[in-house]
Amino acid sequence: MHVGLTHYLILSAILFSLGVFGVVTRRNAVMVLMGVELILNSANINFVAFSRYVTPGIDGQAIAVFVIILAASEAAIALAIVLNIYKQFNTVNVDEISALKE
Amino acid sequence: MTLLDIAFYFFALVTLVSAGIVVFSRNMIYSAFSLLFTFFGVVGLYVLLSADFLAVTQLLIYVGGILVLLLFGVMLTTRILDVEMKTGALQTVPAALLIALMAGTLCGMFWITDWKAIRGEPHFTTTAASLGELFMTTYALPFEVASIVLLVALLGAAMIARRERAK
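Residue numbers (my numbering), protein chains in the order written: chain A, 1 to 102; chain B, 103 to 269.
No lab work stands behind these hints, which were simulated from the structure alone. One should not assume that every hint holds.
Simulated restraints, written as ranges between beta carbons of each label pair [stated by the list, open to error]: (1) B/His225 to A/Ser98: 51 to 59 angstroms; (2) A/Leu100 to B/Trp213: 24 to 32 angstroms; (3) A/Lys101 to B/Phe112: 45 to 53 angstroms; (4) B/Asn129 to A/Ile97: 15 to 23 angstroms; (5) A/Asn90 to B/Asn129: 41 to 49 angstroms.
Partner residues are not named here, just some residues of chain B that face chain A (Cβ under 8 angstroms, in silico) [claimed, not checked]: (6) Met204; (7) Leu243; (8) Pro244; (9) Ala263.
Just so we're clear, the structure is a prediction, and the values are computed from it rather than from any experiment. We put the beta carbon where it would ideally sit given N, CA and C, even for glycine.
Build out the structure end to end from the sequences listed, making use of the hints.
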């Protein structure tokens, strides 16, 4: 079967589901962040696929660049927070951290 | 089945299998390194979708930046000496059921919708110049805002990570 838009969309749907699964089931905060990265990547695949197959042009790619920018800043901030949490509570398991301070 | 189709299936396989390892592996180091292959697979998909600039950006920022950051996160926040780098899982069965339902819904919806997609072979042209023009004209304001967001995020990350514990 010829590869078309649907193939990319279903691929990104599966990637998105895997990412959500990682976010909701993992206990470690860094693993949750990896799940978020998977979700952002799947969204990006959708943007680029639509800009290739439905609205020819590069607007989708421009939006995908913005998503990458936000993903980078999100990862930096989130890991800084995770490091601080580790210093404070000595654990990064999201189910054990329920207080904002000790 | 053309060569492009085979390339798509190859990259899709790489992406999904390594994403599965990221999510299901118990060892966080395996997950982090497997994420590398997920990003590489996505780079291949971008190339197949004739998004060359985006593919290189993905390679530089995700593989070169975010992945290294995540690896640092893994290594700095696990007690390497006394506990193995394991990550537990919570409520796996209900989550799996719910997410299988969600994935089925999404795939079904993508399958039955008529997307009015364009048929035909991709034309591979360089997109860097036109993307740059787009950022300087149509998306000038979002581009500037994004640069400020990056600056603030990096300053904030440095500040949060370096803050001494107030006694």
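Evaluated hints:
Between B/His225 and A/Ser98 the beta carbons are some 54 angstroms apart, a value that agrees with the proposed interval 51 to 59 angstroms. The hinted window of 24 to 32 angstroms between A/Leu100 and B/Trp213 is violated, with their beta carbons roughly 44 angstroms apart. The supplied range of 45 to 53 angstroms is met by A/Lys101 and B/Phe112, whose beta-carbon atoms lie about 49 angstroms from each other. The given range of 15 to 23 angstroms is respected by B/Asn129 and A/Ile97, whose C-beta atoms sit roughly 22 angstroms from each other.
Between A/Asn90 and B/Asn129 the Cβ separation comes to about 21 angstroms, which falls outside the hinted range of 41 to 49 angstroms. The criterion of a C-beta within 8 angstroms of any C-beta in chain A is met by B/Met204, whose closest approach is roughly 6 angstroms, and the hint holds. The beta carbon of B/Leu243 comes no nearer than 12 angstroms to any beta carbon in chain A, farther than 8 angstroms, and the hint placing it at the interface is violated. With 8 angstroms as the threshold, the beta carbon of B/Pro244 comes within range of chain A, its nearest partner Cβ sitting at about 6 angstroms, so the hint holds.
Taking 8 angstroms as the C-beta contact cut-off toward chain A, the hint placing B/Ala263 at the interface holds, the least distance being around 4 angstroms.
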